[in-house]
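Starting from the known structure of chain A, fit chains B, C and D onto it as the hints suggest.
Number of protein chains: 4
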Amino acid sequence: MIEGQTSGTKTPKLRYGMVGGGQGAFIGGVHRKAVAMDGKAEIVCGAFSQSYDNTLATGDTVGLPRERLYRTFEDMIQTEAGRPDRPDFISVVTPNSTHYAAAKLALDHGFAVVCEKPLATSSSDAADLARLVREKDILFCVTYAYSGYPMVKHIRDIIARGELGEIRFVNGEYPQEWLATKLEETGQKQAAWRTDPKLAGASNCVGDIGSHIEFMVGHMTGLVIESLCARLDRFGPGRPLDDNATVMVNFKGGATGVYWSSQVAPGHDNALRLRIYGTKGAVEWFQETPNTARVSFLDRPIGFLSRGRDPMSPRAQSLSRLPSGHPEGYFEGFANIYSTFITALAKKLRGEALTADDLDFPGVEEGVQGVKYIEKCVESSAKGAIWVGME
Amino acid sequence: MIEGQTSGTKTPKLRYGMVGGGQGAFIGGVHRKAVAMDGKAEIVCGAFSQSYDNTLATGDTVGLPRERLYRTFEDMIQTEAGRPDRPDFISVVTPNSTHYAAAKLALDHGFAVVCEKPLATSSSDAADLARLVREKDILFCVTYAYSGYPMVKHIRDIIARGELGEIRFVNGEYPQEWLATKLEETGQKQAAWRTDPKLAGASNCVGDIGSHIEFMVGHMTGLVIESLCARLDRFGPGRPLDDNATVMVNFKGGATGVYWSSQVAPGHDNALRLRIYGTKGAVEWFQETPNTARVSFLDRPIGFLSRGRDPMSPRAQSLSRLPSGHPEGYFEGFANIYSTFITALAKKLRGEALTADDLDFPGVEEGVQGVKYIEKCVESSAKGAIWVGME
Amino acid sequence: MIEGQTSGTKTPKLRYGMVGGGQGAFIGGVHRKAVAMDGKAEIVCGAFSQSYDNTLATGDTVGLPRERLYRTFEDMIQTEAGRPDRPDFISVVTPNSTHYAAAKLALDHGFAVVCEKPLATSSSDAADLARLVREKDILFCVTYAYSGYPMVKHIRDIIARGELGEIRFVNGEYPQEWLATKLEETGQKQAAWRTDPKLAGASNCVGDIGSHIEFMVGHMTGLVIESLCARLDRFGPGRPLDDNATVMVNFKGGATGVYWSSQVAPGHDNALRLRIYGTKGAVEWFQETPNTARVSFLDRPIGFLSRGRDPMSPRAQSLSRLPSGHPEGYFEGFANIYSTFITALAKKLRGEALTADDLDFPGVEEGVQGVKYIEKCVESSAKGAIWVGME
Amino acid sequence: MIEGQTSGTKTPKLRYGMVGGGQGAFIGGVHRKAVAMDGKAEIVCGAFSQSYDNTLATGDTVGLPRERLYRTFEDMIQTEAGRPDRPDFISVVTPNSTHYAAAKLALDHGFAVVCEKPLATSSSDAADLARLVREKDILFCVTYAYSGYPMVKHIRDIIARGELGEIRFVNGEYPQEWLATKLEETGQKQAAWRTDPKLAGASNCVGDIGSHIEFMVGHMTGLVIESLCARLDRFGPGRPLDDNATVMVNFKGGATGVYWSSQVAPGHDNALRLRIYGTKGAVEWFQETPNTARVSFLDRPIGFLSRGRDPMSPRAQSLSRLPSGHPEGYFEGFANIYSTFITALAKKLRGEALTADDLDFPGVEEGVQGVKYIEKCVESSAKGAIWVGME
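Residue numbers (my numbering), protein chains in the order written: chain A, 1 to 391; chain B, 1 to 391; chain C, 1 to 391; chain D, 1 to 391.
Note that these hints are calculated values from the structure, not bench results.
Be a bit skeptical, because a hint or two may be false.
No distinction is drawn between identical chains; accordingly, a pair holds when it is met within one copy or between any pair of copies.
Listed next, the in silico DMTMM-like pairs over lysine to aspartate or glutamate satisfying Cα-Cα at most 25 Å (straight line) [stated by the list, open to error]: (1) Lys104 with Asp137; (2) Lys13 with Glu67; (3) Lys383 with Glu226; (4) Lys182 with Glu163; (5) Lys252 with Asp299.
Isolated chain A (complex conformation) (with noise of 0.2 Å):
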């Protein structure tokens, strides 16, 4: 047991309600499962899914009081707003299409969110979460989930430190399998909304996965997209949305990256692989085995880190649970990032300033930055796959 990640904390757990997340659906009870590992926040409220018969059944699961089960968010956040226990913040776990209007009234309300990627689905709505967020001075995390593993922020570290280099050229890839048929006619959830322009804006492929590699290699390396050229296939037949997805990206500065996305792709489950080369070395890791990495300097034999084995930055050792060979999961990674954000909001609460270290969580910024992304690549590819500038 690492030092400070003990499984409960004499502060008083903060309170937290939730929009979406009912049964049937997956995130949601990932969202739950994670702030219940480091037992630091405690549910209190629900407006699990539009049908308010799933919200009972999902409350009773949860173990909330019927009270505070609610049939639309607007009725929980309005209502909540109003009692002495309110909840400290709210999760949105909606499909896309929601994320905005329930983020929205959760700020206006003075909540404190976390919401789902990708942000909203369009940048004027993304951009109007960033103004409130700013003006409001309230705190805003978007569960990239895949950036909570300790390794990704050592990766992160050594990338800052230089030594890999000037970074030179980036190869991000996230291939799936599961709509290599049409599992969407089938009746699955998952599918049938991913794939539903109306519930998942305007992109499924890059919306739904190829944002995780342009927000991953941000903020792992730094680097920013200055301009991108991107063809989105609808391999399904007679799918309205992307199902794969190709996009090459020039950063400000010089270097270049390739970004594939698919869920077409035989053999893959959620295969994402960062591969970033610099001057001097070059790094690559994989999410299904996300506590090592490869790392290869000019200079010495091909190495293998270990998370645990081998000295990791503090950032990164502070966010690890277990020693070394002991695998941390997909649940670590992501009670990391609702660990970091609800300690920093208990920090601001009690009215203490907040470190840089304390911030280490994807920010409204970030989510602007994907929905910009995801729209770019739309324009690009209906324009015949030209290359945009993404001002």
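Just chains B, C and D, lined up with the frame of chain A:
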């Protein structure tokens, strides 16, 4: 989110107390976090350390009131036994030499028990605990943690279905590197007690990690060791206990195997690897990438099973919390053992009958067998690595 | 030993001459050793270098008499053409800029030709060679070496049988690290000519390694590129030619792909990796472990094919020299190309008809296509990475 | 092309004859192709099979005139000994039971010898050959093929330099699957002789593949076995010889090891894997990917050595024919043994002194040791898997 794996439950949470697991220890915190993940029980009292200051500090972090923090486990068990809100079970996570006394006292006072492995430092003590468990009809769990991984259950189930044919040979290994130097002389607490016969018992390497091989092979294959020939090495200069061990085993029915464990093998973290060879096929599982398994049949290409992607046995599926490609790790495996145990205990407390799946956690009999295995290895080695029967 | 793959043959050996391949070169020695392995032809003359001293030294090592060592390839081809024991074919293994002239002169004198890739430095030159080959009905082989691996043929054959369904997407990559620093400034001969437009032609990275991706994908899938969008980077300061290249390709019929090649990617040697995704399954092949392939079908576990262990297509099997588990490498793959070419040439010389399997080596048409691909990549990139058609 | 590794040589080729290696055999063809690759010797005569028809057919394929094809090896050796163009050495590639007689006769007639392993079927026969070799001062090579890989030599050299510290433990294994069913009953020639005591000697599995582990560990580490405890299993119903073997070994000086070999392990081809653990570091080498090695030091990340990429010891470098990333395989390793032997023999014939590197091929003493190892394994197992000394 897999149906049925939710972050809470409407059933009232069970209560538990903990012996051991203070600050500086490793496994106690894992136990607490594993329980917290599923929210089916909450900690209510503790005697975390022989240092009362440590117990108080740990209790603060965990969030326990001072009146339920105790100087000794005897005090805790006796006092708590009389409370109306007494714990439903006691978790024993001390160094090996205290397992017996703490578990026995808990059983004597009618508590269900979760105990770290090895169950005791002598087979007579272990047998005594088993006798008590039978006489008092109490649930008892020994935390052979690796048996909680869904893929382990799936492998067990495909072997039971005969898919590999008749098992001929088993190769089990568990190398580590952490004691390649004399870490125990640096004040590292984990190293110090494991290499001290007074705290660890008659074996370090076999007791700590070799016993995992023994349990896991039995659990996955059903094979029973008939005789063994063990060579225990002490490579660390001056070490009183083994830090490397090779064991040839003969199973009842004609299968054979070899088990190697080591704490002085550079390049390995917790590299428990089990390879099981049958007449029709074979399987390989590696603890550090627990979501996958290599399967080999004579009549088709080598395959790699992926948890979630490939159809799993119902029991394995029920222990899986995430879709394929999102790695589950050590905490989730550990949580599965607790979740199964707590669910069974709750059913028992409600007077319901328990099924085989309800009881699918390592029990006291496996614990007894494990202690006997350690003893026989020590005996064989001491006599010159001769064959001894397991009777 | 697979039947039919013997170290000699009762058929009289063919004779060949070589242009290029002197000491300090790389690929010429590979050609000679690949021919020697199967003993179907023997070298009889050479113009190995622009340095006559080098030619003499190389000729000594190879064991050629001085009168068959020539100062220029023109001298060699013209002189040897008049000998009664003239070579049956000429191997051209010079830097790119000489391929055309040497191959053309050989064809003009009626020699069959084996030529390194790329076939020429302009598509008009390449087309001219193809015209000559057709007019004179001469056998011509372009040594795209990686197509000689048995597993490559097997993959081609399972794709042709439709086992992967309809191909949707191809991801091809070939990263290397050797030019991450400016090796060409150290006098390293391989680096010097490849980065010099006068010797390499209009492209370094695409010409040298990107063209392998282009050929291999076409060879294995039968897909034909309709248009492409290429971004060629020059990361080495002051380099006149590309050392990193990303190419989006659209195939006729709707499939798409992305090709990345790099010589500045730390951590990679000759990491040619091809991933081909169809509607029913996918396959991945990696040049550095050429005896295996990863195959994925939606309805079964991920599989790893092993050359020799798993049933291979007849053509693949015929190119395999060893049982499974004994690795075959680059020489053996190369030897397969020569062995096929020489066997076909011997049959042709005997007046026998040639089958499709006889002609299963890369020919002049593939060479022409390869040169056109390089030209179109250069053109696309020069115009700002816009889409250009291949015809 | 590495300097000095050329496809020919101006030195006159040596001549050799072959005993065994007819059509349907495996290893004879490997020997011939390995010699051909470097062109330093040529085959001039053969007694390839007990079937004269087979010898004639093989001789035709190899390209030998009929007068140098013999009905028996006795006839060949006696006749050829009298020719002015007699062979410089004889290669013995028969089943085990003929090694001694053929090698002895060749030595008696003054021929240098290359002999397959195991050297003989009894240690007294083996010792007799060693005596003859010493008395007559003749070069003798036993083809433990895997010692020819460059990476094996490199590992040997880094161990000799003390980079791993003092060796503590060795884990060697060589599992195969090919005899999981009773292949010998199908007429498969390789299986038939290996499982027949009359042709294979007292052991199948240890003799055929276990002996590779024994030799390779000694070759790479210099460790000498002091005593061993072997359990030989016969899993194939009715098999007279072992098809699976586990051997615990104690080395002189205190290191220990365990060797496992199997022919009934589904999922393995020629999976020779050697792991060597020292006080400061460890190394792992796997025959199926022979160009790389895993190296682990306590004070740095796990590394993967790549032949050619990473600096190699001079001897290892001299045996490498290709740059990094172009895989060398089994033939190249085999060719290195022949190339070293032939070069040494040519020097000896010219009266030059031989260096340690000249003699860096497995010799008759290693062959004797190998036979003794097999005998001791059989003896230990027959007595109930007790410890026996190697004296």
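Checking Lys13 and Glu67: alpha-carbon separation at most 25 Å within a copy, between copies, both or neither?
-> Close inside one copy (21 Å) and across copies (21 Å); limit 25 Å.
Is it within, between, both, or neither for Lys252 and Asp299, if the alpha carbons may be no more than 25 Å apart?
-> neither (28 Å within a copy, 38 Å between copies)
Check Lys104 against Asp137 for me: Cα-Cα at most 25 Å, and say if that holds within a copy, between copies, both or neither.
-> within (14 Å within a copy, 56 Å between copies)
Should Lys383 paired with Glu226 be assigned to within, between, both, or neither, using CA atoms and 25 Å as the limit?
-> Result: close both inside a copy and across copies, 18 Å intra and 18 Å inter.
Is it within, between, both, or neither for Lys182 and Glu163, if the alpha carbons may be no more than 25 Å apart?
-> Between copies only: 19 Å across chains, 45 Å inside a chain, cut-off 25 Å.
Hint 5 from the earlier list is the only one contradicted by this structure; the remaining hints agree with it.
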